[in-house]
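**Student:** Listed below, chain by chain, are the residues.
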Amino acid sequence: MVPSPVLRRHPDDSWTLAAPRKVSPRTQRVLLALADAIIPASPRTETTLEDVTRHALVCLQYMPQSSARLFLVGMRLLNWAPLWRLRGLRPLTRLSRDKARRHLIAVTQSRWLPVRLSMYGPLGLFMSTYFDQDYAHRAIDYDPVPFIEARIELRRKWVEGVEPEAEEEIHHLPVVPR
Amino acid sequence: MTILAHRDYRNGQTFDAEVVVVGTGAGGAVAGAELAEAGRDVLFVEEGGYHPTSSLNPYLTESLPRLYRDAGGTIIMGRPPIPYAEGRCVGGSTLVNGGMTWRPPERVLMEWESLVGQPDLGAKALEPFFDRVEERIHAKPQHPVSVGEDSRLLEEGARRLGWRYEHNRRAQDRCVGSNQCLTGCPTGAKQSTLLNYMPRALSFGARCLTEVRIQKLWIEGGRCVGVMGKAVNPRTRQCDIDVRVRSRAVVVSCGAVQTPYLLLGHRVGRPSRQIGKNFLCHPNAKVVAIYPFDIHAWQGVSQGGQIREFLDEGIVMAENAIPPGTAAAQIPFLGEEALELMKQYNGMAMTGVLVDDSHAGTVTRSFDAPLAKYSITAYDHERFLRGVRRLAMLHFEMGAKQVVLPFSNMHIANSIDDLDQIERTQRSRSTIELFTVHLMGTCRMGGNRRSSVVNLQGELWDLPGCYVADASLFPTAVGVNPQVTIMALATMVAQRLELPN
Numbered sequence: 559m560v561p562s563p564v565l566r567r568h569p570d571d572s573w574t575l576a577a578p579r580k581v582s583p584r585t586q587r588v589l590l591a592l593a594d595a596i597i598p599a600s601p602r603t604e605t606t607l608e609d610v611t612r613h614a615l616v617c618l619q620y621m622p623q624s625s626a627r628l629f630l631v632g633m634r635l636l637n638w639a640p641l642w643r644l645r646g647l648r649p650l651t652r653l654s655r656d657k658a659r660r661h662l663i664a665v666t667q668s669r670w671l672p673v674r675l676s677m678y679g680p681l682g683l684f685m686s687t688y689f690d691q692d693y694a695h696r697a698i699d700y701d702p703v704p705f706i707e708a709r710i711e712l713r714r715k716w717v718e719g720v721e722p723e724a725e726e727e728i729h730h731l732p733v734v735p736r
Numbered sequence: 333m334t335i336l337a338h339r340d341y342r343n344g345q346t347f348d349a350e351v352v353v354v355g356t357g358a359g360g361a362v363a364g365a366e367l368a369e370a371g372r373d374v375l376f377v378e379e380g381g382y383h384p385t386s387s388l389n390p391y392l393t394e395s396l397p398r399l400y401r402d403a404g405g406t407i408i409m410g411r412p413p414i415p416y417a418e419g420r421c422v423g424g425s426t427l428v429n430g431g432m433t434w435r436p437p438e439r440v441l442m443e444w445e446s447l448v449g450q451p452d453l454g455a456k457a458l459e460p461f462f463d464r465v466e467e468r469i470h471a472k473p474q475h476p477v478s479v480g481e482d483s484r485l486l487e488e489g490a491r492r493l494g495w496r497y498e499h500n501r502r503a504q505d506r507c508v509g510s511n512q513c514l515t516g517c518p519t520g521a522k523q524s525t526l527l528n529y530m531p532r533a534l535s536f537g538a539r540c541l542t543e544v545r546i547q548k549l550w551i552e553g554g555r556c557v558g559v560m561g562k563a564v565n566p567r568t569r570q571c572d573i574d575v576r577v578r579s580r581a582v583v584v585s586c587g588a589v590q591t592p593y594l595l596l597g598h599r600v601g602r603p604s605r606q607i608g609k610n611f612l613c614h615p616n617a618k619v620v621a622i623y624p625f626d627i628h629a630w631q632g633v634s635q636g637g638q639i640r641e642f643l644d645e646g647i648v649m650a651e652n653a654i655p656p657g658t659a660a661a662q663i664p665f666l667g668e669e670a671l672e673l674m675k676q677y678n679g680m681a682m683t684g685v686l687v688d689d690s691h692a693g694t695v696t697r698s699f700d701a702p703l704a705k706y707s708i709t710a711y712d713h714e715r716f717l718r719g720v721r722r723l724a725m726l727h728f729e730m731g732a733k734q735v736v737l738p739f740s741n742m743h744i745a746n747s748i749d750d751l752d753q754i755e756r757t758q759r760s761r762s763t764i765e766l767f768t769v770h771l772m773g774t775c776r777m778g779g780n781r782r783s784s785v786v787n788l789q790g791e792l793w794d795l796p797g798c799y800v801a802d803a804s805l806f807p808t809a810v811g812v813n814p815q816v817t818i819m820a821l822a823t824m825v826a827q828r829l830e831l832p833n
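Quick note, the sequences are listed as chains A and B, same order.
Per my numbering, the very first residue in the first sequence carries number 559; after that it's consecutive.
Per my numbering, the very first residue in the second sequence carries number 333; after that it's consecutive.
Just to be clear, a hint being listed does not mean it is correct.
Unchecked claim - Here are the simulated lysine to aspartate or glutamate pairs, EDC-like style, with alpha carbons at most 20 Å apart:
| no. | chain 1 | residue 1 | chain 2 | residue 2 |
| --- | --- | --- | --- | --- |
| 1 | B | Lys472 | A | Glu721 |
| 2 | A | Lys715 | B | Asp505 |
| 3 | B | Lys733 | B | Asp749 |
| 4 | B | Lys733 | B | Glu488 |
| 5 | B | Lys472 | A | Glu727 |
| 6 | B | Lys472 | A | Glu723 |
| 7 | B | Lys733 | B | Glu669 |
| 8 | B | Lys562 | B | Asp572 |
| 9 | B | Lys675 | A | Glu608 |
| 10 | B | Lys548 | B | Glu350 |
| 11 | B | Lys675 | A | Glu721 |
| 12 | B | Lys548 | B | Glu445 |
| 13 | B | Lys609 | B | Glu443 |
| 14 | B | Lys456 | B | Glu445 |
| 15 | B | Lys456 | B | Glu467 |
| 16 | A | Lys657 | B | Asp749 |
| 17 | B | Lys675 | B | Asp626 |
| 18 | A | Lys580 | B | Asp572 |
| 19 | B | Lys733 | B | Asp752 |
| 20 | B | Lys675 | A | Asp701 |
| 21 | B | Lys472 | B | Glu459 |
| 22 | A | Lys580 | A | Asp609 |
| 23 | B | Lys456 | B | Glu443 |
| 24 | B | Lys562 | B | Asp340 |
| 25 | A | Lys657 | B | Glu668 |
| 26 | B | Lys705 | B | Glu765 |
| 27 | B | Lys548 | B | Asp572 |
| 28 | A | Lys580 | A | Glu608 |
None of these hints come from the bench; they were simulated from the model.
Working from the sequences, and respecting the hints, build out all of it.
**Tutor:** What follows is the structure, given as structure tokens:
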């Protein structure tokens, strides 16, 4: 029998998402500043920064304690990137978004692997969360749910014995360019 | 069906079973189902949760913590560091992989036969196991209705360049190409162990404990007689309830990183000291092409086929569409620059170069988690440069306007001429960006106790009653997607498992 999925963002399968990891207000400020510098300034909602950092803190709960602690220490170090890059005395939390972003871009492009490595975590967590939101999907013209629903219906009919026809094939180009 | 979760356990509770199987992925589910079908009382223990098909959705913020180990934040340390992904849920990695069902090339099985010194791991001996597995998981080519434009572009590009392109056989039953393999197939087409082996095992009376992390083997009188662990509170993520399982045999199927981590907590594997050694991972490099027209790579099967022209060099190329969240995390830009690139998501073809391992890394215990270490060799690096260049060339041949390369100091190629700079700029192994999903080979199977961890029954040489059935058994890398090989070996281990009187 074909299941009938609901494709809801928060499915009700009696599984509980972890509460966000508790961190100090200072660490919270660092995470907010990093998220603000990493994700696009628009589109956002009023709660985008809080949502993105809260999801990062939820994800940390699924990691080993040592990895989660290391991540948070890394974020505190990253906050002082201007100092250890010898480009300023103020941490990212005291800089404007654009200035903070310039520092982080430089870290991302550093020739030193351990320096670049410090951006893996925040880039992965904040970007993947941001680009998973409906408003970000709209900005990039990505809307998977109607397509998936149509494919589920197609498979339902197939399981009932109706073989898909050629017009059900997925085509966006008239022909593959030659 | 008996599937228990954290809320169902009492502190100090002990379950009894004939065989306890730790893990429900390609190894554990298959071994457990075979044993249950043979009349054994089987109890599965799974660290992750049970998520039925009806709960699967395309949202990463939900699926990463629900389905992936460490919410996808796992990494192999080395030069370069390699992020990896593996499943942590009922179904294991089979729930979140592409479902490819390639058998190992003949040269690999000949090498295995020669290394082991017995015919057991040769092509002829393994054939009935492969046949059995492929029938059960419906290993079949894709129906044309499921194939997307990115697969067609790659196939056409390979044809123009005279390269061999082969369509994938996948574990699927009437796949319609919803392209949600990585977040769990919401149509029920992909035949993960959640949909075939686990229900089969449960229908034969097996039980499954979910949300329990096994921390120790239970050893008495030199024999493994069960496992001990703790249930993980889903809200706080604290291990707060002691759970034990007493059994006549234990099958460890936690994957090539977690299995050695569990075993290394005991004084086992002494004859060869090979536990955690021989760690192999098929590193991949991502090559993202941006076309001036929409191809909607997120529609259609996640991987329709592979370019296998360079298999003899240990290089395989394929497309693999990923959700925008994952794509954005891998592109080298921040803020508005990232958004501008992501606005071309519908024109992106996400492809990759897989390189067969030429040497091995290690898995050891470190604090509260395993530490995987692996560095690519100069030979691997050279093959990556060759593979990335060829794949980028194919995209330009097909009309791509830009290609995002996996090099930290050279991310963008705007024309085929830019590719000439690859050899000049890529002198260091530290600048290449890799990832992987194929983890193998840390408890190798063999016929000699001095060079292998488990014997040809899958039992540890120096711990009777403890069996291994997952990708850690591989003596060498398979060079292709490992799912059916894991399943075939797990079938073999289950059929050879002997219980004490």
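**Student:** If a hint holds in the structure, say so; if it doesn't, say that too.
**Tutor:** Right, here's what the structure says about each hint:
For the hint linking Lys472/B to Glu721/A, the alpha-carbon distance of about 16 Å falls within 20 Å, and the restraint holds. Between Lys715/A and Asp505/B, the direct Cα distance comes to roughly 13 Å. Compliance with the 20 Å bound is thereby established for this hinted pair. Proximity of Lys733/B to Asp749/B is assessed by CA-CA distance (about 12 Å); at most 20 Å being required, the pair is judged to hold. A threshold of 20 Å between alpha carbons decides the hint, and for Lys733/B with Glu488/B the separation of about 17 Å falls inside it, so the pair holds.
A C-alpha spacing of about 18 Å is found between Lys472/B and Glu727/A, which places the hinted pair at or below 20 Å, so the restraint holds. Note on Lys472/B and Glu723/A: the hinted pairing holds, with a Cα-Cα distance of about 19 Å set against a maximum of 20 Å. A distance of roughly 17 Å separates the Cα atoms of Lys733/B and Glu669/B; the hinted pair therefore holds under the 20 Å criterion. Between Lys562/B and Asp572/B the alpha-carbon distance is near 6 Å, which keeps this suggested pair within the 20 Å criterion.
Proposed proximity of Lys675/B and Glu608/A is contradicted: the alpha carbons are some 24 Å apart, above 20 Å. Of the pairs offered as hints, the one joining Lys548/B and Glu350/B holds, with about 18 Å between alpha carbons and a cut-off of 20 Å not exceeded. Taking the CA atoms of Lys675/B and Glu721/A, the gap is near 36 Å; set against the 20 Å cutoff, the hint is violated. With a C-alpha separation of about 33 Å, the suggested pairing of Lys548/B with Glu445/B is violated against the 20 Å cut-off.
Proposed proximity of Lys609/B and Glu443/B is supported: the alpha carbons are some 18 Å apart, at most 20 Å. The hinted pair formed by Lys456/B and Glu445/B meets the criterion: a straight-line CA distance of about 10 Å does not exceed 20 Å. For a cut-off of 20 Å, the pair hint linking Lys456/B to Glu467/B stands: about 17 Å separates their Cα positions. With a C-alpha separation of about 34 Å, the suggested pair Lys657/A and Asp749/B falls outside the 20 Å cut-off, and the hint is violated.
A hinted pair counts as satisfied when its Cα atoms are at most 20 Å apart, and Lys675/B with Asp626/B qualifies at roughly 11 Å. Our distance criterion of 20 Å between C-alpha atoms is met by Lys580/A and Asp572/B, whose separation comes to about 18 Å. A hinted pair counts as satisfied when its Cα atoms are at most 20 Å apart, and Lys733/B with Asp752/B qualifies at roughly 17 Å. Distance hint between Lys675/B and Asp701/A is fulfilled; the C-alpha atoms sit about 13 Å from each other, no more than 20 Å.
A C-alpha spacing of about 17 Å is found between Lys472/B and Glu459/B, which places the hinted pair at or below 20 Å, so the restraint holds. At roughly 15 Å between alpha-carbon atoms, Lys580/A and Asp609/A fall within 20 Å of each other, so this suggested pair holds. A C-alpha spacing of about 13 Å is found between Lys456/B and Glu443/B, which places the hinted pair at or below 20 Å, so the restraint holds. With a C-alpha separation of about 13 Å, the suggested pair Lys562/B and Asp340/B falls inside the 20 Å cut-off, and the hint holds.
Note on Lys657/A and Glu668/B: the hinted pairing holds, with a Cα-Cα distance of about 14 Å set against a maximum of 20 Å. Annotation: proposed proximity of Lys705/B to Glu765/B holds, straight-line Cα distance about 16 Å (limit 20 Å). In summary, the hint linking Lys548/B to Asp572/B is supported, as the alpha carbons are separated by about 15 Å, within the 20 Å threshold. Between Lys580/A and Glu608/A the alpha-carbon distance is near 14 Å, which keeps this suggested pair within the 20 Å criterion.
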